[in-house]
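All chains should be built: construct the whole structure from the sequences, respecting the hints.
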Amino acid sequence: MSPDPALLEVADLRKSYGDKVVLDDIRLTVRTHDVICLIGSSGSGKSTLLRCLNLLEEIDDGVISFEGREISDPRVDPRAVRRRIGMVFQSYNLFPHLSVLDNCTLAPRRVHGVPKEEAEQRAHDLLTRFGLADQAGKRPDRMSGGQQQRAALVRALCTQPTLLLLDEITAALDPELVGEVLTIVRELAEQGTTMILATHEMAFARDIASKVCFLDEGRILEHGTPAQMFSQPREERTRRFLARVLPTA
Amino acid sequence: MTSTQDDWRPSERELERQDVRRAQRRRSILISTTATVVVFGALWLGTVTSPGWPNVKATFFSWDDARASFPDIWHAFWRYNVVLFLVGEALILPLALLVALARQSRAAALLPLRIIAVVYTDLFRGIPTILLVFMLAFGMPALNLQGVTNSLFFWGLVALVLSYGAYVAEVIRSGIESVHPSQIASADALGLSRAQAMRYVVVPQGIRRVVPPLLNDFVSLQKDTALVGAAGLFDAMFAARDYANFNFNFTPYVVVALYFIVLTIPLARLTDHLQHRAMERERQGAR
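From first to last, the protein sequence lines are chains A and B.
Counting in this note's numbering, the first sequence runs from -12 upward without gaps.
Counting in this note's numbering, the second sequence runs from 19 upward without gaps.
Note that these hints are calculated values from the structure, not bench results.
Since we're looking at a predicted model, the values are computed, not measured.
Heads up, the beta-carbon is just placed ideally off N, CA and C, and yes, glycines get one too.
Treat the hints with caution; some may be incorrect.
[To be verified] Here are some chain B residues pointing at chain A (derived, C-beta under 7 Å): (1) R27; (2) P28; (3) E30; (4) R31; (5) R35; (6) V38; (7) S80.
[To be verified] Taking lysine to aspartate or glutamate and the EDC-like style, the derived pairs with C-alpha atoms no more than 20 Å apart in a straight line are: (8) K125/A <-> D112/A; (9) K125/A <-> D260/B; (10) K125/A <-> D89/A; (11) K7/A <-> D21/A; (12) K7/A <-> D260/B; (13) K241/B <-> D260/B; (14) K7/A <-> D64/A; (15) K7/A <-> E32/B; (16) K125/A <-> E107/A.
The following block contains the structure:
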């Protein structure tokens, strides 16, 4: 284990909706520059886990620490945490009444107090990097799904988060458009952006992940490096899942 | 999902957290109670310590006058205001829906209908309701038409229905227009006719979205039934004025106000409740 302290530490996390236990006994350590891929079937708890980390869901037990501080404490202001964590959703969730540029500058200006010129400059730089320079003035609904999701990524990055949560961000996209979004995520990973992503793109997870966690019925059944997980998974269930989702080529 | 409700016991940390949450809840209850008591206490104090309060109390809040005027107002209220409202509402909804649908129609042959609908909404939304009540309640009988009633109640009702029909039609139309075109496309794709798409897909969704503004108009209509009193119908408002003029005491107006409030609040709560339930059903857990 490297000596630097963990950026995010999850211990014995539990989450239930009424009688339904959706997350149980979750343990996870994320260090700076890690790229953690959560894999598993739909309903295994990947999205719920991400939402818990961003304090969008109140947890039933366990401890989440972020930057050395426990954030699962009810006295912690969730907004202070969310200022440091970026999140991108499966269905983009861009604000349809704002232009792409305004979507990207809303939080930097209103939450982080960045001056307008600077926020717009930063947004323009990122949009240009992600090939959206000419889309800045458009409304989100005028763009393709891939463009919208790239814009949503830019929106999350504009607040310069220390941790990025990506919740199946390519699941709603055409196969053709998946590539353009994944290229960006790959680029971010190479630059050392710390990310946790729930994904169904196994080949992609194998390429970029520093660690892969297989979730099954709300537990992290198995985790390890992509090489370990994809070539010699320990658990029978992991093997069955991978056999179903990996292209048999 | 596993339902391993088995051996889980909250950890020390979680129990501690639950204590903190409880303390936070207690704190917020305390704050809300204090804020409420302070604000309403100040309002009450400001009122009763104002120099004219004894006078106002005697003329507006006299218990004896309230009791004395109560039965007449009660009778007039049920006999006219409530009936005007209920019958009016039953006529306004279908009328407004028809007008809204007529404005939405795209069939070439229905153009005259569309024109009528547009002119109707523009015209009747523009006329103050009280003018409409006067024009119909006094104007129609003055025409001396054969076989047409001179009933003040009837023409007052017609005036309210025409006026509110125009408002409600626009509300319903905005609801219909807010339904995404993809819904019509998928109804088309299933082979539904344009009218069927409206009937089974678009209108149910549109109406659901405009329930709060519709309720607004209903409440407004309840209150505006008092306008028919201004034209001389012996409704609750007229009964109150009658008593007030005779006894030089305005308490009956307060009594009428209470009647209207008692009628509207349960309706508002019921609609909120229905609305909430419908929403829960449709977007479970979506955030």
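*Checking against the hints above, which ones are violated?*
1, 3, 7, 9, 11, 12 and 14
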